[in-house]
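Put together the whole structure using the sequences plus the hints.
Quick note, the sequences are listed as chains A and B, same order. Numbering-wise (my numbering), the first sequence opens with residue 1 and increments by one. Numbering-wise (my numbering), the second sequence opens with residue 1 and increments by one.
Hints in this document: simulated from the structure, not taken from any laboratory. Treat the hints with care, since some could be wrong.
Residues on chain B that point at chain A, a partial pick, calculated with CB under 8 Å [said to hold, decoys possible]: (1) Val22; (2) Ile26; (3) Ala53; (4) Leu135; (5) Ile138; (6) Leu149; (7) Leu157; (8) Pro167; (9) Ala170; (10) Leu295; (11) Ser296; (12) Val299; (13) Thr303; (14) Thr330; (15) Val338.
Note that the structure is a prediction, hence the values are computed from the model and not measured. C-beta: ideal position from N, C-alpha, C; glycine also.
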Amino acid sequence: MSETLKPIAENNQEQYTRHSPAQEAFRRLLRHRSAQAGMIMLGILVFIAIFAEWIAPYDPIALIKTVKRREPPCVHLLGCPKDKEQHIFGIDGNSRDLFSRVIFGSRLSLQVGLATISFAIIVGGLIGAISGFLGGWVDNIIMRIMDVLMAFPSLLLAIAIVAVLGIGLINALLAIGIVSIPRFARLIRSTVLSVKELDYVQASRALGASPLHILFNRVLPNAISPLIVQGTLGIATAILDAAALSFLGLGAEKPRPEWGLMLGEERNSVFNAPHLVFFPGIAIMFTVLSFNLLGDGLRDVLDPRLRGSTRG
Amino acid sequence: MIQFITRRLLLLLPVVIGILLVTFTIVRLIPGDPCVVMLGEKATREKCDEFMARYGMDKPIPVQFVRYLSNLAQGDFGNSLRFGRPVVDLIAERLPMTIELTIGAMLFSTFFGILLGIISALKRNTIIDTVTMILANIGISMPVFWLGLMLAYVFALLLKDTPFFIPPSARFSAGMTLTSLAKYWGLENVSGLQKFILDFMSNSVIINVIFTGNWKILKDAAWHLILPSVAVGTIPLAIIARMTRSSLLEVLGLEYIRTARAKGLIERLVIAKHAMRNAMIPIVTIIGIETGALLSGAVLTETVFTLPGVGTALKDAILGRDYPVVQGFTLVIALIFVFVNLVVDISYAYLDPRIRLE
Numbered sequence: 001m002s003e004t005l006k007p008i009a010e011n012n013q014e015q016y017t018r019h020s021p022a023q024e025a026f027r028r029l030l031r032h033r034s035a036q037a038g039m040i041m042l043g044i045l046v047f048i049a050i051f052a053e054w055i056a057p058y059d060p061i062a063l064i065k066t067v068k069r070r071e072p073p074c075v076h077l078l079g080c081p082k083d084k085e086q087h088i089f090g091i092d093g094n095s096r097d098l099f100s101r102v103i104f105g106s107r108l109s110l111q112v113g114l115a116t117i118s119f120a121i122i123v124g125g126l127i128g129a130i131s132g133f134l135g136g137w138v139d140n141i142i143m144r145i146m147d148v149l150m151a152f153p154s155l156l157l158a159i160a161i162v163a164v165l166g167i168g169l170i171n172a173l174l175a176i177g178i179v180s181i182p183r184f185a186r187l188i189r190s191t192v193l194s195v196k197e198l199d200y201v202q203a204s205r206a207l208g209a210s211p212l213h214i215l216f217n218r219v220l221p222n223a224i225s226p227l228i229v230q231g232t233l234g235i236a237t238a239i240l241d242a243a244a245l246s247f248l249g250l251g252a253e254k255p256r257p258e259w260g261l262m263l264g265e266e267r268n269s270v271f272n273a274p275h276l277v278f279f280p281g282i283a284i285m286f287t288v289l290s291f292n293l294l295g296d297g298l299r300d301v302l303d304p305r306l307r308g309s310t311r312g
Numbered sequence: 001m002i003q004f005i006t007r008r009l010l011l012l013l014p015v016v017i018g019i020l021l022v023t024f025t026i027v028r029l030i031p032g033d034p035c036v037v038m039l040g041e042k043a044t045r046e047k048c049d050e051f052m053a054r055y056g057m058d059k060p061i062p063v064q065f066v067r068y069l070s071n072l073a074q075g076d077f078g079n080s081l082r083f084g085r086p087v088v089d090l091i092a093e094r095l096p097m098t099i100e101l102t103i104g105a106m107l108f109s110t111f112f113g114i115l116l117g118i119i120s121a122l123k124r125n126t127i128i129d130t131v132t133m134i135l136a137n138i139g140i141s142m143p144v145f146w147l148g149l150m151l152a153y154v155f156a157l158l159l160k161d162t163p164f165f166i167p168p169s170a171r172f173s174a175g176m177t178l179t180s181l182a183k184y185w186g187l188e189n190v191s192g193l194q195k196f197i198l199d200f201m202s203n204s205v206i207i208n209v210i211f212t213g214n215w216k217i218l219k220d221a222a223w224h225l226i227l228p229s230v231a232v233g234t235i236p237l238a239i240i241a242r243m244t245r246s247s248l249l250e251v252l253g254l255e256y257i258r259t260a261r262a263k264g265l266i267e268r269l270v271i272a273k274h275a276m277r278n279a280m281i282p283i284v285t286i287i288g289i290e291t292g293a294l295l296s297g298a299v300l301t302e303t304v305f306t307l308p309g310v311g312t313a314l315k316d317a318i319l320g321r322d323y324p325v326v327q328g329f330t331l332v333i334a335l336i337f338v339f340v341n342l343v344v345d346i347s348y349a350y351l352d353p354r355i356r357l358e
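Shown next as structure tokens:
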């Protein structure tokens, strides 16, 4: 890793030199306030997602026969009678325990974020690398295609893609992944362009290194910092967009415990059962916020030049 | 300046062609018989043949694309399967609502975003700054539709009997409708582009009121637009606030600001006249970028507040597999987005003469 983070090395000169830049970046990340908050929140989320089976008191999908639909929360500590069963987030419109559904939703949400952004990074990265290395008309055509993709508001393009692919969670994820491609393609392309003429890359090439070797060992290390930052912030956007698609009824199918879907199903009960809308929304916000905070911290630590600019 | 604008317009051409290609392709990528896709399951053979001939579906793809373009140029966006009406009519009916919502949200987010950003920058590292930035972070992370629902809950239910009550749904109060300008002027027989423009104007509250003088409906519409605008505008507000803060802080550290202060200018003028002018460039960029978020947010928020705009139409069209509508509305939204970004680019050049000369 020591050679992979060269660009930030100069910031470390005045500090201890015995740590590698990656270690140093990590140390600074641990001291960064918003990164601290983001990491703690994310840690909680990952914990909840892994141990969902043990944390959730009920099955997230099974119907509970003994309760009324849309019953408000019942928490024993807050004065709910002890003889009633405890449902801390209340009961949803299909008489399921909302708390358990929200807990299980964390799994889906994290998977959604990681899956779409990994897809976008891999596909976008390859496209950007091809574009940057080949140059000429190939580069021109690819970049114009990226321009066109970026000319659509991302969520609306995702909606249009879902319209073509058909409604469903996988298609929604694919749509969000496709929409996120241009951003990573541009990132990798610009890195390729900036290093491809440098001596050490030329030297590699002269030694007969394959384009893939150059891409992975010479170019990607230079792109790793912005990639981590953009990836983290991208996950936040992807989770929001996925929730939005599910909210519109274009994403996850019933009865999956997906936060956006839960909101969409109950949006008409906001006046008589506000808890059904409140809790899933808080969960989405918590998750997105954790990635945003971590992304901000990473940006400050890894790429001081970008400091202050906003998402995307 | 004119040269700059011309060049930007020329650069736009490939993007617009690309957008047209995308909307053209979308419908052709849908698996199944294009005739069934575009006319629905119940289409008869004759209708199918007529449709295929009219849109040249039996011809090679490039010919189809040219046909698609020439149809668009004549204002023919196809017919909605569900309503049996031209898509253009639906656009004239739905688009003004979405534009109003977007403008409302934009005004809200720009005004308060810049204001909060300036306050935050001037009170740097105080508790006000910290709180504002924490709120901004939370604002960025909120799902628009959730915020909309929560606003509706607070202002329409919790504050129901207070003066702060704000209606949570619909474009107007019950019983209020916009007068059709076509009827108002006795121009009911026009068709084509004229009809589109008349319908569009009729459905834009502000334009409509300017001609009909029905101020009551303007007030009512504005009243109904508050909550959706706040919901849609919150994320851009947070982003603009952050951008304003960092941009202003950067500028405030420059030499010419010190000069301005040294020559005894009062602080307010230093900020307003000297600092903000340079700080505006990144802010304007962000406002342009966020228009995309505003349009997407409008689509989601319309569903929450049951507003008859593009978003609800698009959503219903997708769920009902009404592809001509999906195609038409996607195209229109993308074109608006491109247009806004063009305006942003031009205002850049206005703010920063260096860009003009590049």
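*asked:* Using the nearest Cβ pair, does B:Leu295 come within less than 8 Å of chain A?
replied: holds, 5 Å
*Hey, does the B:Thr330 contact hint survive, CB to chain A under 8 Å?*
Holds. Min distance 5 Å.
*Given B:Ile138 was flagged as interface, is its beta-carbon under 8 Å from a beta-carbon of chain A?*
holds, 6 Å
*Tell me if B:Ile26 is really an interface residue toward chain A, meaning its C-beta lies closer than 8 Å to one of theirs.*
holds, 5 Å
*Regarding the hint that B:Ala53 lies at the interface with chain A, is the smallest CB-CB distance below 8 Å?*
violated, 25 Å
*Report holds or violated for the interface hint on B:Pro167, using the least CB-CB distance to chain A and a cut-off of 8 Å.*
violated, 13 Å
*Classify the hint on B:Leu135 as holds or violated, based on whether any CB of chain A lies nearer than 8 Å to its CB.*
violated, 12 Å
_Satisfaction of the B:Leu149 interface hint, Cβ to chain A closer than 8 Å_ = holds, 5 Å
*Would the stated hint for B:Val299 survive a check requiring a Cβ distance to chain A of less than 8 Å?*
holds, 6 Å
_Checking hints one by one. Is B:Ser296 an interface residue toward chain A, by the C-beta closer than 8 Å rule?_
Constraint on B:Ser296 satisfied, holds at 4 Å.
*Report holds or violated for the interface hint on B:Leu157, using the least CB-CB distance to chain A and a cut-off of 8 Å.*
holds, 5 Å
*With 8 Å as the cut and Cβ atoms as the points, is B:Thr303 at the interface with chain A?*
OK, holds: B:Thr303 within 8 Å of chain A, min 6 Å.
Checked against the numbered hints above, the structure violates hints 3, 4, 8 and 9; every other hint is satisfied.
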